[in-house]
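With the hints as extra help, turn the sequences into a complete structure.
Residue numbers (our numbering), protein chains in the order written: chain D, 1 to 210; chain E, 1001 to 1102.
By construction, these hints were calculated from the structure, which means they are not laboratory data. Only a predicted model underlies this, so the values are computations on that prediction, with no experimental measurement involved. Note that the Cβ used here is the ideal one computed from N, Cα and C, for glycine as well. Careful: at least some of the hints might be erroneous.
Here's a subset of chain E near chain D, in silico, CB distances under 7 Å, partners left out [to be verified]: (1) G1016; (2) L1017; (3) L1019; (4) I1029; (5) I1031; (6) V1035; (7) V1042; (8) F1063; (9) A1064; (10) V1067; (11) V1075; (12) L1079; (13) A1097; (14) S1098; (15) M1100.
Some residues of chain D that are not near chain E, with every Cβ distance over 12 Å (derived) [what the hints assert, rightly or not]: (16) I14; (17) G19; (18) A24; (19) I25; (20) P28; (21) A60; (22) W155.
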Amino acid sequence: MLKRIPLPSQFDRIIIGGGITVGAIGVPLGIVLVTLVAFGVISAPEMVFFVAAIIVILGALGCVLLPNIVHAALSLTATLIGVAALYLLLMSEFLALVQVLVYGGGVVLLLLFGLMMTNAQDDPVVTDGSQKPFAFLLVSLLIGTFITLLLSGDWGNPTAHVVPFELFGERLFREFALPIIIVAVLLDVAITGALVNVHSTGSDLPEESE
Amino acid sequence: MIPIEYFLTLGAILFGLGLFGVLSRRSAILILMAVELMLAGVSINFIAFASYLDTDAFTGLIFALFVITVAAAEVGLALGIVLRLFRERRTSNVDEASDMRW
Chain D
1 MLKRIPLPSQ
11 FDRIIIGGGI
21 TVGAIGVPLG
31 IVLVTLVAFG
41 VISAPEMVFF
51 VAAIIVILGA
61 LGCVLLPNIV
71 HAALSLTATL
81 IGVAALYLLL
91 MSEFLALVQV
101 LVYGGGVVLL
111 LLFGLMMTNA
121 QDDPVVTDGS
131 QKPFAFLLVS
141 LLIGTFITLL
151 LSGDWGNPTA
161 HVVPFELFGE
171 RLFREFALPI
181 IIVAVLLDVA
191 ITGALVNVHS
201 TGSDLPEESE
Chain E
1001 MIPIEYFLTL
1011 GAILFGLGLF
1021 GVLSRRSAIL
1031 ILMAVELMLA
1041 GVSINFIAFA
1051 SYLDTDAFTG
1061 LIFALFVITV
1071 AAAEVGLALG
1081 IVLRLFRERR
1091 TSNVDEASDM
1101 RW
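Here it is as structure tokens:
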């Protein structure tokens, strides 16, 4: 059936395939979660948490496993937006806004431009290193240790509280004034360093990084 | 209410996946993206502790803000280095840039 629809490019096939995959995973999962909420097994905020966590983990898996680097960068975007949703669930709206602005907007755009100027222009498919099985073993051990340790701890039963904007800004600019200035100097040095580093010395085409 | 263990588990998993990416990838920009994943996992832990257990001082929120700022600076600087490397060597594979390795 797909053959008979006139598809101008491979891009359309990727979009259709990705949409079918996401729907095939997402719709049953959504039905299961809504059923669990309806029967009172989990609460509504927990359902939102599970949806965000699934987006975050699938996006992170895509980011570290996909062979095409542009696809990996796009699934990193999904992860970072999901992390912003988690910040909202943790009652810190300011950091969620900053996350969407800085990561979803700035960092991902910068990474995509970097990919455009390096690998992606001729060959976007990369091969991974030979230490992948070793890395998998090490990371499984690490995650297992972390989760065993933190689940054996006694956290009590705390609840999340909202931090008002006014208190946050007051504390940030009074008690943390010196770190703020240091971070400002760091940003200045980093941007200047990037410009100086990228500025071409031999070739005739000057390029800019940011 | 959501238990705090959920957020801590998710942060640990995200950190582990990022570490896996750093260890297994060979393209410099993909290593940078995996480092971003690790930083996101750490930020989730910071904010979870700040808004669940440290509601008076909320130092974790401020640290998460600093993490985001430093990560942005790091990405800008590191991409400059990768672009320079690509222009000089026509590669962004970290295995091929081993001149300064002992």
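Taking the hints in turn, this is what the structure says about them:
no. : hint  : verdict
1   : G1016 : holds (4 Å)
2   : L1017 : holds (4 Å)
3   : L1019 : holds (5 Å)
4   : I1029 : holds (5 Å)
5   : I1031 : violated (10 Å)
6   : V1035 : violated (11 Å)
7   : V1042 : violated (11 Å)
8   : F1063 : violated (10 Å)
9   : A1064 : holds (6 Å)
10  : V1067 : violated (10 Å)
11  : V1075 : holds (5 Å)
12  : L1079 : holds (4 Å)
13  : A1097 : violated (13 Å)
14  : S1098 : violated (13 Å)
15  : M1100 : violated (16 Å)
16  : I14   : holds (20 Å)
17  : G19   : holds (24 Å)
18  : A24   : holds (23 Å)
19  : I25   : holds (18 Å)
20  : P28   : holds (22 Å)
21  : A60   : violated (4 Å)
22  : W155  : violated (5 Å)
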